[in-house]
Each structure stands twice: as structure tokens, then as C-alpha cells.
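Asks: Protein sequence lines, in the order shown, are assigned to chains A and B.
According to the numbering used here, the stretch in the first sequence is residues -8 to 327, in order.
According to the numbering used here, the stretch in the second sequence is residues 1230 to 1541, in order.
No lab work stands behind these hints, which were simulated from the structure alone.
Hints are not guaranteed to be accurate.
[Said to hold, decoys possible] Subject to a maximum C-alpha distance of 25 Å in a straight line, what follows is the list of computed BS3-like cross-link-like pairs (lysine-lysine):
#1 K177(A) to K1390(B)
#2 K1390(B) to K77(A)
#3 K77(A) to K273(A)
#4 K177(A) to K273(A)
#5 K1288(B) to K177(A)
[To be verified] To list a few chain B residues with every Cβ distance to chain A over 12 Å, as calculated:
#6 S1347
#7 L1463
#8 V1470
Just so you know, even glycine gets a beta-carbon here, dropped at the ideal spot from N, CA and C.
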Amino acid sequence: MPGLTRESNSNNSTHQPGTEEHIPPGRSLWADGIRRLRKQRLAVVCFWVIVFYLALAVFEWIAEARKWETPAFIRWNEIVGPSYQKPMVPYEWTTADGKTEIRREWMGTDFMGRSTLRRTLYGAKTSITVALCASLISLAIGVPLGAAAGYFRGWLDELIIWLISTLSTIPYLLLLMAFAVVLRDKTIFGLELRGITSVYLAMGLTSWVGICRLIRGEFIKRKESEYVLAARATGCSNARIIFSHLLPNVFHIIIIDLSLRFVHFIHAEVILSFLGLGETDKPSWGAMIDAARAELARDVWWEMTAATIAIFLLSLALNLFGDALRDCLDPKLRVD
Amino acid sequence: MTVYIIRRLLYTVPIVVGVLLLTFFLFSVVGGDISQQIAGKNADAETIAEIRHEYGFDKPLFWSLDSQFIDHFRKALTFNFGRALDREKISDKILRGVGPSLSLTVPMFLGTLVLSISLALMVAFVRGSWLDVAAVVLCVAGMSIPYLSFIIYGQYIFAYKLGLFPIMYMPEESLLTSLALPVLIGIAAGLGGNLRFYRTIVLDEMRSDYVRTAFAKGLSTSKVLFKHVLKNALIPIITSVVLSIPYLFLGSLLLERFFGIPGLGSLMIEAIASRDFFIINAMTFIFSLLIVVFTLLTDICYAWADPRIKLE
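With the rest of the complex left out, here is chain A (with noise of 0.2 Å):
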């Protein structure tokens, strides 16, 4: 195995003499995708963009974890003008220890005179948990699910089909929906279910059976190629074949459809909250939309305009990137 691998890095041993120096350097799939994928300048500024998002959120859950001082940007409850100001309108007020300033909010406040632009920020926190909880689940269950379908076959195969297809027969909302209603305020096996714990637990536990049909099928496509035949001739058992052979070969797989599935989650996300089935105590973007709607009768459109540009961008570079990623690591899929 050692001189194996050594040949394949010198990367030209298996081609004939004298063609060597027309043949450029082997790369592995990843790196050739990330190559091609950093040319184009929109998906590097959509990957900063989703970057940003998440070091906000785990920003915030470290800070709430070492109960640090907060930093002012997302210190939310903090009451710091009137009610109802407008955006980028100068205002008096006075602070808790007397002192009068002029100040300027640059997405006004909500009705208690908290910053809207402090609650966009920390609601990305709550979205970006529930997506990546929720995409935790779906993938801790489809993607086993999806290798021993494709794997063994037989009879486990059917029971993993029968599964997704009575899944996939209830309409998506109403299973999402029922889930999310029945999961609400329950405490199973001593876990108390409380805000969005239920919330991306429903999601989780619902929307796994897109990725465990593609894993299925790319097993099935790919347990019949050479290097699975190769690795089987080695003696290579079933589990070291799927964990260290299948599976790397289709993580490229999982991650373009992670990507394209978190705008769902977030989107998700905004219809229970705004159904009262998602977060309640803190702030969300669901929640300022479904507030937003009482506001805008009082022309107090920046809420619901700041929760739903925050919204936007993220699944706007999510979408783009998810495309990007496709058409550079998946040259099959490629749109000319």
C-alpha cells in the first residue's frame, strides 16, 4: 500500500513516457472544486456572507455560555429610545444614569423602544441554530439510513423505502406541522422540549428522507465500481468499505444539498414561528415578522423590513453558493 500511495502522488506513473509533460498535476476532487469554485467571485462573496451569519451565532452562544459581558450589538432587551422611533431619525433620551444624549437608531425600535437592529442581529443566533440542529438530525438519520439501503439491499432496503415513501405521502407542511404541534412542551425520555428545541426537532425528524434517497442511490451506483470491487478483493470488511471508501466519495453530496436545505430550514423556521409554534422569549426573525404584522397598520415597516432583509441575504448567498458548489464539485450536474 505505501508504494501505491507514493505513485499516485508523483501522479504520473500510470500515463505513458513522453506524453508527461502535457499532463497537468493530479488533484483531488475537493481541491480541484475549490479551485474552480474561487473564481468566481460571487460565490467567494456568498461564503463570507454565510460566514458572517455563523460567526454571529456562535458568537453569541459563546458569549451566553461564559456569560461574558455582552458587547452593546446584541445586548437586545436593552431599552434605548421611545417606542415606535423611526430609523436614522435623531432622538433625545436619556440614559439609566441620568446622562442626555442625541442618538440615532439606524433600524429604529420596536414598541418597547429595543433596538430593531439588536434584535435582527441576535435573531440570527436562533435561525442559524434551529438550520443547523435540524440539518444535524436529518443528516444523523438519513445518511445511515440512506448507506445501508443502498449497502445491503435485501430486506433492509425495503423497510428504508417503505419508510421514506410513507414520509414522503404526507404533504411536507401538515407532517412538519404535526410534528412541531405535537412535540411542543413534552418531555420525552427526561428532555424538555421548550422553544425551539421542538422546533428543529420536528424539522430534523422530518426532512431526512431527501438525503437518505440520494445517499441510497449513489450507494447503489457506486458499490459496483472498481474501487469498491478493489477494496472488497483486499478483504476489506462492509463497515471499513462504507466509512472509509463510499462515503468520502459522496460527502461532496451531502454538503451541496446540506447547503441548499438550510434556506429551507430558515424559512421553516419563520412560518411556525409565525404559526406560535417556535421560539416565544427571545428574539427570531419569525417573531418580528409575525409582530411586523400588527405594526404595519401604524406604518412601522422596519421590523419586518430588517428581518426580512436579514433573511434574504443569507438565503440569497446560501442559494448561490449551493449552486456554486454544485456545478464545481459535481461536474455531471454541471449547467452549461
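Place chain B on chain A using the hints.
Replies: The following block gives chain B in isolation, referenced to the frame of chain A:
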């Protein structure tokens, strides 16, 4: 053909059973006894016991001829879902909601379909140009705006600010005036995703060999697009159309909610607000059944159109 249909019919049995098992597990095992919630906070033990008996929460879950498990199957298979928490028959509630839901979703669906397919053909006509790129970017942008924002802004701007449409659904007015705005908002919100979907279908067809042949023998782009590509692209289009019919009955949850349309979407939202598991359970089963039936129809149509499928 008959054998195929029978086999295909038998195949739906485990799926229906699966749906019933899932809903039973969800609503009876995990959801459990909601008699306390029905009775209210201050109810005495007697009232709760009465409610438990009325809704059958006092029966054993499994392992009895009169268990909740058997009850669940019997109710679903006889379409007798009993009464909702407000004592009205669930089947009456559902039947009442179908009309308003369909009058909203059918024009919305047809509008989106016609608009997105014709736009997709136009985009395919100019494929690769900046117009194509702009169209794709606009589609993705449209898909990135939350559905709720479309509805709230649409209602705010066109009904509240400009006063072009009534803000709420009014049963006494004509359907055209009271449903125009929700239908238009629905079309606008769905256009991005649909256009992109149909563009992919059309472009996939454009890459096939017969298109190359058609171009090679000197046909114009419009001839190729409308005479060859459209005809062949119709198969995936019709499939997606047939499979979205069940969803039309389901109505539009959010649009109905915002415009006060008394359809099935509104029914669903009311059921969620009052945690009425009985309605949610009935809706889940009925719509799964509808989807099973329409999937079956599509498959049979396929087998009828394509003799290769029957051999599988």
C-alpha cells in the same frame, strides 16, 4: 397491464398502513391524553373522566379488541373521524373548506404554470446571454424572500396603502375582487422557483440529440423550441402538474390566514392554535391518501404511455 395495476395497487397498502402507524404513534403515543387540555385548567376529576371516556383516552393503547390502535384504523378507513374539539363533525369542517381553498389555489396554480413555462421557453430562447443570467439571478432572489414577506408586503402595499383590493376576503363580494390579490401574491411568490425548475427541464431537453439533429437540418430556434422541445418537455411538466393536484385541495395555509379565506389552510391553523389533534390527524390521513391516489394515477398513465415500464 391489469397485472401491473393490481401490483401497483397492492403496493399502496403498506404505505397507507405506514401513514396510519405514523399518525397513531405521533398523536396517540407521543401526543397522548389531552383530556386535561380539553377540559380546561379548573375542571374537576369527574369532567376529565367524562371527556376521557368520550374521546376514548381511557381505552388501552394496544392489545385489546377495543384498543385505541384499532379505533385509529377504524376511524380512518371508514372516514368517520368523529368530532373536533368544538363538537362539530370533522368531515363537515373539511368539506366546507374545500371550495374556498380550491377557488384560491386553482387560479394561482394555473397562473404560475402558464407564466413560468412561457417565461422558461423565452429564457431558453436567449440561453447563455445576459438576459438568461439576469433571469436566473432574479429567480434565486425571489426564492430567497420568505413567503410571509411576499404576503405581508403585498397586502400592505396593494390593499392597505393603495386600496386597489379589499384587505380581507369578503364572502358577499364576487370571487374575482376578493381573491384577486391573494392569487397575484401567490403567483409572484411561486414564480422564482417554478421558472427555475422549468428552465432546467427545457435546457435538459435542449441538450438531447434530436435537438442537435433538428438544428443541423436547418430549423429555426423558435421551430425547434415550440415544435420539438416543448412536446418532449411536456412529460416531466405533466408529471409535476398531476402530482401537485392534491396540494391544491390543501389550500394555502399562509395566504388563507392573512386574507381570512375560510379554506382548509385556515382550518389547519385553527387546529394548531387550539391543539386539536383530531383535525390534524384527519387532514394528514386524507391528504396522504389523495397523494397516494394521484401517484398511482401518474404511474398508470406512464405504464399506459410507455410499454417498457410494465416489464419491470
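Asks: Next step is simple, just say for each hint if it's right about the structure.
Replies: Status of each hint after checking the structure:
no.: 1; hint: K177(A) to K1390(B); in the structure: 43 Å, violated
no.: 2; hint: K1390(B) to K77(A); in the structure: 19 Å, holds
no.: 3; hint: K77(A) to K273(A); in the structure: 22 Å, holds
no.: 4; hint: K177(A) to K273(A); in the structure: 20 Å, holds
no.: 5; hint: K1288(B) to K177(A); in the structure: 22 Å, holds
no.: 6; hint: S1347; in the structure: 21 Å, holds
no.: 7; hint: L1463; in the structure: 21 Å, holds
no.: 8; hint: V1470; in the structure: 16 Å, holds
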